[in-house]
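Going down the list, the sequences are from chains V and U.
Just so you know, we're using full-length UniProt numbering here: the first sequence kicks off at 1 and counts up by one.
Just so you know, we're using full-length UniProt numbering here: the second sequence kicks off at 1 and counts up by one.
It should be emphasised that the hints constitute simulated quantities derived from the structure, not laboratory data.
Please read these numbers as outputs of a predicted model, since none were measured by experiment.
Think of the CB as a built atom: it goes at the ideal place given N, C-alpha and C, for glycine as much as any other residue.
Watch out, some of these pointers could steer you wrong.
[As the list claims (entries may be wrong)] What follows is a list of derived Cβ distance ranges for each label pair: (1) D140/V - P106/U: 54 to 60 Å; (2) Q167/V - T136/U: 29 to 35 Å; (3) P254/V - L134/U: 54 to 60 Å; (4) H99/U - D140/V: 33 to 39 Å; (5) R216/U - R113/V: 32 to 38 Å; (6) D87/U - A151/V: 30 to 36 Å; (7) D87/U - R113/V: 51 to 57 Å; (8) G271/V - A178/U: 45 to 51 Å; (9) S11/U - H115/V: 56 to 62 Å; (10) A178/U - A225/V: 27 to 33 Å.
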Amino acid sequence: MTAMRAAFLDTTTALLDEDPRTALVLADISASQLAPAAHRHPDRVLNVGIREQLMVGVAGGLALTGLRPIVHSYATFLVDRAYEQIKLDLDHQGVGAVLVSIGASFDGSAEGRTHQSPGDVALFDSLGDGWTVRVPGHPDEVAPLLRNATATDDPVYLRLSEQRNAQAYPDADRLRVLRQGGTNAPLVVAVGPMLDPTLAATEGMDVTVAYTHTPRPLDTAGLRALAGTEVVLVEPYLAGTSSAIVSRAMADVPHRLLALGVGQTDLRRYGDPADHVRWHGLDASGLRRSISAFLRSARS
Amino acid sequence: MTTALTTETGSRLPGLLRRLTGDEKHAPSAHSTIDVLQVLYDRVLRITPETAGDPERNRFLLSKGHGPAAYYAVLAAHGFIPDAWLDDLAGPESRLGHHPDRLLVPGVEIGSGSLGHGLGLAVGTALGLRAQGLLTPRVYVLLGDAELDEGSNHEAIAYAGATGLENLTAVVVDNSSATHGWSGGIAGRFTVNGWTADTVDGRDHTGLYAALTGHRPRRPHLVVARVESKG
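Work out the full structure, taking the sequences as your base and the hints as a guide.
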């Protein structure tokens, strides 16, 4: 059991006990761990079996009656597979849910492409601007983000991963500066578990490093305040997912943007998550190579 | 087939439908769902514009969002929407489109159009009512026989049957439009999963009423309303 997933299970169990408005919809994943909660709240813990379309459809129905559904599975089954249910059974009905995924881009490296979802956050971008997307970088960020999400009726996606930073920053829904560069230094924005490799990669470089666990809505005011003319995004999902937002936010500022993240190609390789991190150039040395080349490449 | 219009809205529906279609010759019987909707709204659902937000209300979810003219006409006949809305179907300023949007049309419980979404939403609605102790209201969801091609329905059919979701009634209007048909019948797809089922003439209001109120304890209920083939 990974730490973020355990935090999700513990917090969800507590929320079901505390708030009769909370419901949980599962498609077998994590059902055994949540069996005690299901025993206590059989009408609000609903395991529909391996039926992800129904899982999200049921969440939409629950929300229509005024409950607050938490919906949980691997990212690829929850988001990629049930995308139209998210679009129509939640968004189009004008109701929200808290979608909580595990697996992220390649936690399931040994499982192969079928268990990987590097494109999940990009899919939420296709749904308009209503979704809040949380990508915690540390297990201790999970509980407050989940509690915050459950207290509203808004659509929220919480993307959990086995990748993690050494330190938690629960109050990083806006860009939080963790390393301050000089005046007009390049701004490097690290999302979620990309913080530690980003800090290691930029050691000794004159850059500002800012962290957030909330890429949607991205803190564009903070971005404009912190950015000079060079911006680097380091995201743990598809490279370039946030590029359009940065471009819009800085449309009136001449700037250069480097967007790092997971590549689009199916590598057709197994191995450990650390291998995939390296193959996608997201380890400290890979990031340092990319960022250094980008900063050197400016035409003078 | 009989086309007995048994209730007070029956006399108004042809005129309302003509406002939607602009077609003087188009008889109500051309609309496969009209009789089911009429019996539901006149005699079964007991919902009014005044109770459209009441947690205790019965829910009607139109899953088969295609061809909603009959639905809009029935909503107008029951005062959920002004008759005048019917004159500009899918116009640029119209709240009524070729598929209904719950945020635009009073009394509409779900927006639908893409097939295979209503039954899952209905299952969730039924579960949500039960979880809040709302044991009186019933959830009705209307599908088409061709809509059952979508696999998402079969996720919902199996789960609702296995869990004995007793406050749910699905109505399948069968006009034999599924490309590959349903060899062995539609009802069997449900009953094999634990549903009860009644198959009736979809133009016979007496039979429809009996079937639509014919649910039994601890089982979800299916009504197959057979109408003339789409041809």
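Each hint tested on the structure:
1. For D140/V and P106/U, the hinted distance range of 54 to 60 Å is not satisfied, since their beta carbons lie about 46 Å from each other.
2. A C-beta distance of roughly 53 Å is found between Q167/V and T136/U, which places it outside the suggested range of 29 to 35 Å.
3. The beta-carbon spacing between P254/V and L134/U, approximately 59 Å, falls within the hinted interval of 54 to 60 Å.
4. A hinted range of 33 to 39 Å for the beta carbons of H99/U and D140/V is inconsistent with their spacing of about 45 Å.
5. Taking the beta carbon of each, R216/U and R113/V are about 46 Å apart, not inside 32 to 38 Å as hinted.
6. Taking the beta carbon of each, D87/U and A151/V are about 44 Å apart, not inside 30 to 36 Å as hinted.
7. At roughly 53 Å, the beta-carbon separation of D87/U and R113/V lies within the given 51 to 57 Å, and the hint holds.
8. For the pair G271/V and A178/U, the supplied restraint of 45 to 51 Å holds, since their beta-carbon distance comes to about 46 Å.
9. For S11/U paired with H115/V, a C-beta distance near 60 Å keeps the hint of 56 to 62 Å intact.
10. The supplied range of 27 to 33 Å is broken by A178/U and A225/V, whose beta-carbon atoms lie about 59 Å from each other.
In this structure, the earlier hints numbered 1, 2, 4, 5, 6, 10 are contradicted, and the remaining ones agree with it.
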